[in-house]
Amino acid sequence: MDVIVEAVTQVWPGRRGSSVVALDRFSHRFASRRFSCLLGPSGCGKSTLIQIVGGLETASSGTVQIVDPSRPSIVRPPGADSVMVWQNLNLFPWRSVLDNVAFGLEMQGVSKAERHTHAKVLIMSVGLGGFEGHLPGQLSGGMRQRVALARALIMERPVMLMDEPFGALDAQTKIVMQEELLRVFDQTQKTIIFVTHAIEEAILLGDEVIVMTARPGRIKEILTVDLPRPRSLEMVNSKTFGTLFDRAFHLIREEVMTSMAQQTTALEAR
Amino acid sequence: MTDGKTRLAGIAERAMPALVIAGVLLAWELFVRLRGIAPIYLPPPSTIAVYLFRMITDGSIAFNLGVTLLRIFAGFAVAAVTGVTLGVLMGMSRIIARIADPWIAALYPLPKIALIPLLVIWLGTGEVYKIVISAITAFFPIVISTYAGIRQTDQGLVKAARDLGANRRQIQMKIVIPAAIPSIFAGLHLGMGVTVILVVAAEMIGSSSQSGMGFLLIQSGQVMETEKVFASLFVLAVVGALIIKLQEWVDRKVAPWTVYRQEN
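Line by line, the protein sequences give chains A and G. Take 1 as the starting number for the first sequence in the numbering used here and just add one per residue. Take 1 as the starting number for the second sequence in the numbering used here and just add one per residue.
Think of the hints as simulated: they come from the structure by calculation, not from any bench. Heads up, some of the hints might be wrong.
[Stated by the list, open to error] The calculated lysine-lysine pairs, modelled on DSSO-like cross-linking and capped at a C-alpha distance of 30 angstroms, are:
#1 K253/G - K112/A
#2 K159/G - K174/G
#3 K174/A - K239/A
#4 K245/G - K120/A
#5 K112/A - K159/G
#6 K253/G - K159/G
#7 K220/A - K239/A
#8 K220/A - K174/A
#9 K120/A - K174/A
#10 K174/G - K245/G
#11 K253/G - K174/A
#12 K120/A - K253/G
#13 K174/G - K112/A
#14 K159/G - K120/A
#15 K245/G - K159/G
Same shape as in the complex, but just chain A:
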């Protein structure tokens, strides 16, 4: 499924009648089977954007539409097309790994036996076999991340929205999870929109890196990553990677400076 974002603007009401423009006329077509990374300084509205795409926030203006590229004439508003993997995971702490992963099916009214069978397969596939009965609080950060991934994958939705999912992980676990995600992407061919502020991660994972401006969030530049798939970590040392990194770094640096200047002004104005 392609996700067509058209002129999405998000304005937050501020204090004393002022308002903050978080996103300013963001337009982009997130193509099927493409891994898109949204890269930008904090506060640039990238999390807001994917929440709007996921139907969890309502945009002030603009539209999000879904189209099946094999039937391009039928454009429709999004329904249950996407699933989110959250920055802070949002696992349900009182539910076992099994019942966290099976949650989506339970909400659909799938019988216990059936949803548990299905969930177990996914738990095995993310390498958590044997931990079905554990509570999220008993697991390490990386393991919880796998639970969150399995809980999203069980929904079998064509679009996966990921909001800095690996931001809180230590460096080693992060590498393992990135490889895990690349494997999932290569196997399932979903449309992935992945929010990050890590340049290296964006280039390593993405087919395209959408660099965003500081607030208000707009597209600054789209970098196409022509590294071959399947991707591997060694590609970090390639010349292509180096060139892309330098370009992205340059773009991001400007925006981070702008963002910091904005924050300073905001503090001074207080």
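Given the coordinates of chain A, assemble chain G onto it according to the supplied hints.
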């Protein structure tokens, strides 16, 4: 060598509280005996122990404690059921919250002991009066904590559930209520604490039943049997501590996830 030392230090640390208690009791005993203080003011621990033993063997502790515990659990049960129910309803319906809020705001700060004269007029001095006064008192912390817990549900969890296809009702039953459980338990702990206080107080004031630990205390006090007063206080303290431990055990059984800290 170092190992032996740390182990000794560990044993010493664990033995310390018991040693301090023993020390205080010994000082108390010596102070009373050496200064010749009349037992009517302050009996020595050894005499209190003898009285306690007698009260246990003649069955007066078992009977009065049993009666008090029954009243405590009856009052607590009423308060828990009504308090949690209303708290959940308030958390889910803005109208119910609006209606209930001024009543709770007005009645919560009122010292419930001040209701005793009124309740005695209405209900007499029997069992109903004691259960009602303790239930009313325990009701408020329970309803307030439950309501707060429901309202403070992590919105991230709600959004995540919605994203995974949960409808409004499913979100309330499967997310909001379980998420409020730690807060509900905190309310139940507070409620149990005040139930114990109010039952014992009600047994002391205007009770016609001539039973319970509160009655035993006031009766012993009136006839200047200070040893029995101390023995009863000791029993109440121990039972209070046991009730708290029991509640903590129930919490862990019912909601084991509250034991693990979430550090997502």
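Quick rundown of the hints versus the structure:
1. K253/G - K112/A: Holds: K253/G and K112/A sit about 23 angstroms apart, inside 30 angstroms.
2. K159/G - K174/G: holds, 13 angstroms
3. K174/A - K239/A: holds, 23 angstroms
4. K245/G - K120/A: The given pair, whose Cα atoms are some 37 angstroms apart, is violated under the 30 angstroms limit.
5. K112/A - K159/G: holds, 23 angstroms
6. K253/G - K159/G: Holds. K253/G to K159/G sits at ~28 angstroms (cutoff 30 angstroms).
7. K220/A - K239/A: Holds: K220/A and K239/A sit about 23 angstroms apart, inside 30 angstroms.
8. K220/A - K174/A: holds, 27 angstroms
9. K120/A - K174/A: holds, 24 angstroms
10. K174/G - K245/G: holds, 28 angstroms
11. K253/G - K174/A: Between K253/G and K174/A the Cα gap is close to 35 angstroms, so the pair fails against 30 angstroms, i.e. violated.
12. K120/A - K253/G: Between K120/A and K253/G the Cα gap is close to 25 angstroms, so the pair holds against 30 angstroms.
13. K174/G - K112/A: This hinted pair holds, its Cα atoms lying about 15 angstroms apart.
14. K159/G - K120/A: With Cα atoms ~24 angstroms apart, K159/G and K120/A stay inside 30 angstroms; holds.
15. K245/G - K159/G: Violated. K245/G to K159/G sits at ~36 angstroms, over the 30 angstroms cutoff.
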